[in-house]
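Protein chains: 6
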Amino acid sequence: MPLVQVTLIEGYSETARVRMSERITRALRATIAAPLDGTIVAINELSPSSWMRGGKSFRSPGPELPEAAQLVRDFLEAMQSRDLARAQGFLAEDFVMEFPGAKRMTRLAELIDWARPRYRAIAKNYERFDECYTDDATIVYCHGTLQGEWPDGTAFSGIRFIDRFTVRAGRLADQSVWNDLAQSRAS
Amino acid sequence: MPLVQVTLIEGYSETARVRMSERITRALRATIAAPLDGTIVAINELSPSSWMRGGKSFRSPGPELPEAAQLVRDFLEAMQSRDLARAQGFLAEDFVMEFPGAKRMTRLAELIDWARPRYRAIAKNYERFDECYTDDATIVYCHGTLQGEWPDGTAFSGIRFIDRFTVRAGRLADQSVWNDLAQSRAS
Amino acid sequence: MPLVQVTLIEGYSETARVRMSERITRALRATIAAPLDGTIVAINELSPSSWMRGGKSFRSPGPELPEAAQLVRDFLEAMQSRDLARAQGFLAEDFVMEFPGAKRMTRLAELIDWARPRYRAIAKNYERFDECYTDDATIVYCHGTLQGEWPDGTAFSGIRFIDRFTVRAGRLADQSVWNDLAQSRAS
Amino acid sequence: MPLVQVTLIEGYSETARVRMSERITRALRATIAAPLDGTIVAINELSPSSWMRGGKSFRSPGPELPEAAQLVRDFLEAMQSRDLARAQGFLAEDFVMEFPGAKRMTRLAELIDWARPRYRAIAKNYERFDECYTDDATIVYCHGTLQGEWPDGTAFSGIRFIDRFTVRAGRLADQSVWNDLAQSRAS
Amino acid sequence: MPLVQVTLIEGYSETARVRMSERITRALRATIAAPLDGTIVAINELSPSSWMRGGKSFRSPGPELPEAAQLVRDFLEAMQSRDLARAQGFLAEDFVMEFPGAKRMTRLAELIDWARPRYRAIAKNYERFDECYTDDATIVYCHGTLQGEWPDGTAFSGIRFIDRFTVRAGRLADQSVWNDLAQSRAS
Amino acid sequence: MPLVQVTLIEGYSETARVRMSERITRALRATIAAPLDGTIVAINELSPSSWMRGGKSFRSPGPELPEAAQLVRDFLEAMQSRDLARAQGFLAEDFVMEFPGAKRMTRLAELIDWARPRYRAIAKNYERFDECYTDDATIVYCHGTLQGEWPDGTAFSGIRFIDRFTVRAGRLADQSVWNDLAQSRAS
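So the sequences go chain by chain: A, B, C, D, E and F.
So for the first sequence, our numbering puts the first residue at 1; every next one is plus one.
So for the second sequence, our numbering puts the first residue at 1001; every next one is plus one.
So for the third sequence, our numbering puts the first residue at 2001; every next one is plus one.
So for the fourth sequence, our numbering puts the first residue at 3001; every next one is plus one.
So for the fifth sequence, our numbering puts the first residue at 4001; every next one is plus one.
So for the sixth sequence, our numbering puts the first residue at 5001; every next one is plus one.
Note that these hints are calculated values from the structure, not bench results.
Model, not experiment: these values are computed from the prediction.
Glycine included, C-beta positions come from ideal geometry on N, C-alpha and C.
Among these hints, one or two may not hold up.
Where chain E lies over chain F, by a calculated footprint (3+ residues, C-beta under 8 Å) [as the list claims (entries may be wrong)]:
1. 5007-5013
2. 5032-5046
3. 5057-5067
4. 5078-5084
5. 5132-5142
6. 5156-5167
Quick list of the computed label-pair ranges, beta carbon to beta carbon [to be verified]:
7. D:R3059 / E:E4093: 30 to 40 Å
8. A:G55 / E:S4047: 22 to 32 Å
9. D:R3059 / F:D5074: 51 to 61 Å
10. C:L2036 / F:Y5119: 52 to 62 Å
11. D:R3073 / E:G4011: 30 to 40 Å
12. F:S5047 / B:A1186: 53 to 63 Å
13. E:T4015 / F:D5074: 51 to 61 Å
14. A:A186 / B:T1015: 40 to 50 Å
15. D:E3010 / C:A2109: 43 to 53 Å
16. A:D136 / C:K2103: 48 to 58 Å
17. D:E3010 / E:E4127: 47 to 57 Å
18. B:R1120 / A:S157: 32 to 42 Å
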């Protein structure tokens, strides 16, 4: 207990079915204190012509969605290696960024310009990614520490950061960043 | 499509059943691009003696869990009104806090002492709460802006913050805070 | 085989559940040659808060519909006893009637006037009622024989008739009548 | 709501599964006022050795039945083109016909003879076919207008007709006809 | 895995539902090597008007059957205390008994007479009862040891026995007995 | 009624599915007086990646178990033909045997030695095998009559016997034997 039985149109990958089962397991166990080993998810697959809603047979099932945390990870990696073209490919049309002390930016080049006087190099050590599922988007949080070099070439590390992304329809819609860079420079 | 049928021991509140259905709906739609109005969750309730696992009848279903975001909200409200006794009631035994530029703190009184020279008054305007369900805890994020008074009495507002909480077994296990206070003081 | 499991919001009457089961049984056995005693319908009832579609909990289930054949029977009885007020109560706003050799009529009084020179009295002996379920209406057919008196007072009986009604949202939307009255008068 | 889950032995065609789903959808919505887009039919298919009733494994599922309205349409077309051999193939052994003003006929040749003095040519324009599913037969109704030539060669058209057929085990068991031919001749 | 979902007409006692679940669990695990704690039985209860087979609503569910092993135990206890009237109440009309070296007996009084010269007193120590479910009866086996007194008053004990009973429709249809009494007397 | 729906990982043989269905049918009908032809078992098969318990996808389903009564039959046949090597293959490591008047034996050779002075030849005519499913073993009973030759060469037949075996994990764990040999020799 509880038992969850999902009916799907056939054809979803093993990855999608396992991921779905894990997420449902967690959603349930965040709501009621169900023992893990008594929580069961079973997926039943039907052919499209075996499913009718509203008097209409099913035509084609919605595609599997990429894992939002992985999208974010790939974007951040492209940014870190300054592969702006690749990074751009992850972004929604109306993507906006919010960084500490900066006005809202919409283009990656803006960000690069803005960062230049602030640090000469930067890299992220991730402690954890979290995904939060909402009605129309997945929110991805990642936090950890920054390491790099100040404009004068001295090194820094262990500076706390957190990023928040809205992933909608497989694209990043926004990025918000908080970190202790100012705190560290000040001290 | 998809159709989710949940079997539960009878007795869960309407709130729990609706919450569970919403969370499952979101978990599914974060995994496959299912149309919202074709996503169905039906909950079937059984009496305890109608469920057997491992040759044993069910005895008592796990309790409903409080909404983690609400716990966090209540804790933050108690802190803001400096009701430390009430705030303490939300905390796990081994609760730890991490604030920008501070060493890790474990007692609320420590935090009050640490904050005193930093600002005379502070309040949070919440933009949004997010919940992430993991295998053994719910992570709650909330972000928005801070307003208050610096030690010299001048007012501040609109300073970005984000808090991250781990909620486990109905208690807050940790709090991590990031904000632009240092950035603002510096500018 | 086949087995049909229906999930409904709780609260439908025994009559509705039995009628639904019978109709599903017949719909199935008109499609595949399933043995009657192997055709099973089981109805599972859920509380409204245990059903979610499109992220919304169920509010109120659609009402039970009256049996269309009974509506027709009641209307015909009211007409036969010339209780036009009662008969009118069964009709949709845009009700139309089609009788052999008549222009389309919309008011019951028109029909009475039209019938007066054709027969002095008339009554229907029903052989059978049939209901056909369509996407937005139930079609009711009834056939049998007419008996009554010609304008000159001579009696007639055994004259074949068939009526066809469209029942939509609990009202009669139209009536079409065919019979052998002209044939009988001619012979 | 409502949700219908059908369990069938595997092997039925897509046509049969879709037709079954449509008919069940209509049967339900004729009984309770369920919204069309919330009415779901899902078909689960099992292998014959995965179904046991009465302690006996399933052997062979009942065949799909032809669409009764199509059978009637094909029969009427054969009659209209005077292909009596083909028309005869649709009839049950004990087929009977009932026409306005005629004694009951059992052979198609009888009908041809009976019709000869009544009209020189005739064709049906169908307005609609309706199917009504009963415990042991499907009743098919079709109505529309007749056009053709009277014995004297003058043309007629727009004369209302309705036919009623009982289809049992894939054969036509009877035909009853009503029309306004006598009415038209009289006027 | 495996998951078993039983649909019953509502009204069976908790005892019956638990017993049914246990027996199904054992039947499954005698067929496939399923882990005990992954074997689940869930019972769903429907109102009688929510179940239709063969076009007929359910009327009254079959009664719960007594536990066959308990019936046997009660019968043997009545016999041991020579309460023949009570013992007789457990027997089917055509009850027959088979004892080592005896002709088939049908009346309890016969057995008492037959036993008299064989032992003066006898009692059974049960080691175990087993139930085997067949299509139309439950077979109950019990074995253990006999103790008592030989006709000459000397005591005996530890003599192996096994009894086999056919329980049909809540009555004992036959009893077969094997034991080592002759072996013991011989040695 | 009742309806049993079993969900299994796909891949079990037709034999296993049919056997499981029969055993569940019997287990149910030993608990409630359900009509045989209204007792239904349907087995639904899922792919391993469509089943999750305790947050873990299914890896490999437990194997099908041999039919315990057949194992016993094969063992007894090997013993009767004195194929001790083959017979030994059916036995668990800690197999023990209990025969009338004998001390407990653990090796087949012991039994052969013990039997030699008791009868020169022996064969079993089986009347019936019964299987009883318990939490961790299947108990097999078989009874019937013995025929053979006494040590002096005279024939015997029709001597009642019953054997009881515990079958665990596909091996015979013990055998207990009762019969009327001593009774017959005595008389």
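Exercise for review: Report the numbers of all earlier hints that the structure fails to satisfy, in ascending order.
Suggested key: Numbers 4, 9, 11, 13, 15, in rising order.
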